[in-house]
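*Asks:* Heads up: the sequence lines are chains W and X, in that order.
Just so we're aligned, residue 326 is where the first sequence starts under our numbering, counting upward by one.
Just so we're aligned, residue 326 is where the second sequence starts under our numbering, counting upward by one.
Check each hint, because a few of them may be wrong.
One copy or two, either will do: identical chains are not told apart, so a pair holds if it fits within one copy or between any two.
Below are the BS3-like pairs computed for lysine-lysine, each with C-alpha atoms no more than 30 Å apart in a straight line [stated by the list, open to error]:
(1) K329 to K436
(2) K436 to K533
(3) K529 to K475
(4) K533 to K421
(5) K529 to K471
(6) K533 to K329
(7) K437 to K411
Hints listed in this document are in silico derivations from the structure and should not be mistaken for laboratory results.
There are 2 protein chains.
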Amino acid sequence: MAQKGILVVVSGFSGVGKGTVMKCLVERYDNYALSISATTRSPREGEEDGREYFFRTREEFQRMISDGELIEHACYCENYYGTPKKYVEEQMDGGKDVILEIEIQGALNIKKKYPETLLLFVMPPSAAVLRERLERRGTETPDIIKARLKRACEESEGIENYDYILINDDLEECVAKMHSLIMDQHLRVSRNLSFINEIRTEVKAFSKGEI
Amino acid sequence: MAQKGILVVVSGFSGVGKGTVMKCLVERYDNYALSISATTRSPREGEEDGREYFFRTREEFQRMISDGELIEHACYCENYYGTPKKYVEEQMDGGKDVILEIEIQGALNIKKKYPETLLLFVMPPSAAVLRERLERRGTETPDIIKARLKRACEESEGIENYDYILINDDLEECVAKMHSLIMDQHLRVSRNLSFINEIRTEVKAFSKGEI
């Protein structure tokens, strides 16, 4: 049953460790492709065009929007972020499950265009653990931590639109569970209609003694 | 996260081995309860009331229907079959995932009443394998095998309404996959709203410096 890949959107609270989960997932299993976003924000130190992001000017980004080259785009902090369509569709056609790490606004736009998208939201085991993780980094002032927690709040407003939550308590468990959730989607009836019809037709032929 | 159990309906082609899959599942994991159907058909040799079925007269069965004691009932081959509500709800309230092995008509009735029911359909890896399995039993005439294949066809008409298919090629794999599919449902956003709200409220309080 060679199948088209699945589109998976992973979102989650700031500080929950979703980046690490996705990195492990892609390292451990070979069925994934990580989508790379286009953005108008400036590269941070160490970031490379085409690796972390496709860095584009505002004019180039506007052209990509007009030419329908993005499957979704959204604006945060006065910068545009978007998902290039070509890469995503090529990977899915090649059977890869494509993972996008995007925020809620973008996630819901994608679900509208591709209703079979799997929306996953990574949660901390508790709010206290989330705060601890942010504090443990030790590099951020209490005000920045508060701002990130505030952002986590805002992000959480759309969770009801997601399909599944994943709890990032133990990293290995969370990675395995994410993989299993994605694999299971390959068994959705709606993704197996041609296989179902094939069996149905053959069973019918057998029952009539035709073959 | 103590949760209410999940209602799972398992259907599948006659001869596909779904009985064996479910027996293994229940033996191997302790989160399941198998629902026992009520029926008006006569017990076959070796069948016991309250083990394979609750055997009831037609009058008793009619009374159960009138008193709302069944969550679904259907008629096959002039006999009634139904699922007693009390046992199912008690088990689910106690956190058990309840499995019903019923046919498509009953499955769809259950889904209407309990929209969160997980509908699984067990498929053979191919139609040829299904025929082989039926023939290998060696106890049935070609005509009976044809009749069972014909019934398999009829059963397959509603697969589109199911959530997932499972392919019973290797028994162990099929059992593990069924377990994983059911476990995943516990992570559905709709089943975790109180946990989500709890985290949300706490993160909000942290971000405001209230706690």
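*Asks:* Okay, which hints does this one fail, numbers in order?
*Replies:* Going through the list in order, the structure violates hints 2, 4 and 6 and respects the others.
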